[in-house]
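Novice: Residue numbers (our numbering), protein chains in the order written: chain R, 1 to 179; chain L, 1 to 68.
By construction, these hints were calculated from the structure, which means they are not laboratory data. Fair warning: there could be bad hints in the mix.
[To be verified] Calculated from the model, a selection of chain L residues having no Cβ within reach of chain R, i.e. all distances over 12 Å:
1) Gly22
2) Lys24
3) Leu25
4) Ala32
5) Asn39
6) Leu49
[What the hints assert, rightly or not] Rough simulated footprint, nothing fancy, chain R against chain L, three-plus residues with beta-carbon under 8 Å:
7) 2 to 8
8) 13 to 19
Just so you know, these numbers come straight off a predicted model, no measurement behind them. Backbone N, C-alpha and C define an ideal beta-carbon position, used for all residues, glycine too.
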Amino acid sequence: MLKFAQLQLRDAALAEDAVQEALVAALAGERSFSGRSALKTWVFSILRNKIVDLIRVQSRTTNVSALGDDEADMDATFEALFKDNAHWRPEVRPFGWGDPAETLREERFWEVFETCLNHLPEKTARVFMMREFLEFETDEVCRELSLTVSNCNVILHRARNGLRRCLEGSWFAPGVSAC
Amino acid sequence: MLTCKDATRLMSEAQDRPLSVGEKLQLEVHLAMCRGCSNFREQMNFLRLACRRFMQRRNGGDDGSPSS
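Please build the complete structure, drawing on both the sequences and the hints.
Specialist: Here it is in structure tokens:
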């Protein structure tokens with residue numbers, strides 16, 4: 001849970017506080033649980049709300065739509081995948097990743113996945129995780145972070161391509177390591 | 001004609017909103033002819049699946065729920 005909060009907030013102290021508050025709030029609430037799993041789900045839903053609150057506060061002080069150096073680098077890398085006619089360069093054309101179920105069963109894959117998430121620039125990662133992990137609709141993400149829809153789309157596309165390239169380089173390509 | 005670059009944008013947006021009939025048509029025609037882009041689409045679907053599974057793994061499900 002702590003790891004999850006850290007992944008989203010990129011701030012160890014903030015993440016610890018959020019998890020502690022979520023646990024306290026969960027224990028204070030008078031609910032009975034049929035099992036460990038139900039309790040965990042409950043704590044998690046509280047944590048999700050805490051994370052969203054913190055992101056909301058953070059987004060007031062930082063400009064999420066501002067293009068940093070990391071984002072500019074990612075865009076340059078993306079552009080370099082294409083020839084002048086905007087079709088794939090043969091050597092970097094996306095290849096098949098095989099059976100997803102098999103990949104997702106591998107413990108090692110999840111380490112690579114987390115590493116790749118951590119490689120995303122902070123603001124890019126935040127938008128992506130709100131969409132994919134906290135499962136906000138895209139227009140909600142935009143609203144919470146005061147982004148235009150097209151800006152949101154650009155950021156999500158950037159994140160997905162970055163993650164895709166990282167996984168392709170560090171997991172799916174045989175004999176290649178590190179992204 | 002849709003370029004591969006534009007196709008990747010549409011495929012990302014398809015994860016966030018329903019595409020219009022025109023967009024879908026253009027994309028499908030492109031994908032039918034372009035191996036790289038159809039792989040890209042499968043990779044996008046994989047990312048979505050991986051994110052869902054990632055959350056299930058965090059979110060109490062020891063081995064996920066067999067029903068979903």
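Novice: Now tell me, hint by hint, if it's right for this structure.
Specialist: So, going through the hints one by one against the coordinates:
1. Distance check on Gly22/L: its Cβ is at least 17 Å (rounded) from any Cβ of chain R, clearing the 12 Å threshold; non-interface status holds.
2. Chain R leaves Lys24/L outside its interface by the beta-carbon criterion, the shortest separation being 17 Å against a cut-off of 12 Å.
3. With a least CB separation of 19 Å from chain R, Leu25/L remains clear of the 12 Å interface cut-off, as annotated.
4. No beta-carbon of chain R is positioned within 12 Å of the beta-carbon of Ala32/L; the least distance is around 15 Å.
5. Its beta-carbon lying about 4 Å from the closest one in chain R, Asn39/L breaks the requirement of being farther than 12 Å from that chain.
6. The non-interface label for Leu49/L is inconsistent with chain R: the shortest C-beta to C-beta separation is roughly 6 Å, within 12 Å.
7. Taking a C-beta to C-beta cut-off of 8 Å, the stretch 2 to 8 of chain L contributes 5 residues in contact with chain R, enough for the three needed, and the coverage statement holds.
8. Only when three residues or more bring their CB closer than 8 Å to a CB of chain R does the claim for the stretch 13 to 19 of chain L stand; here the count is 4, and the claim holds.
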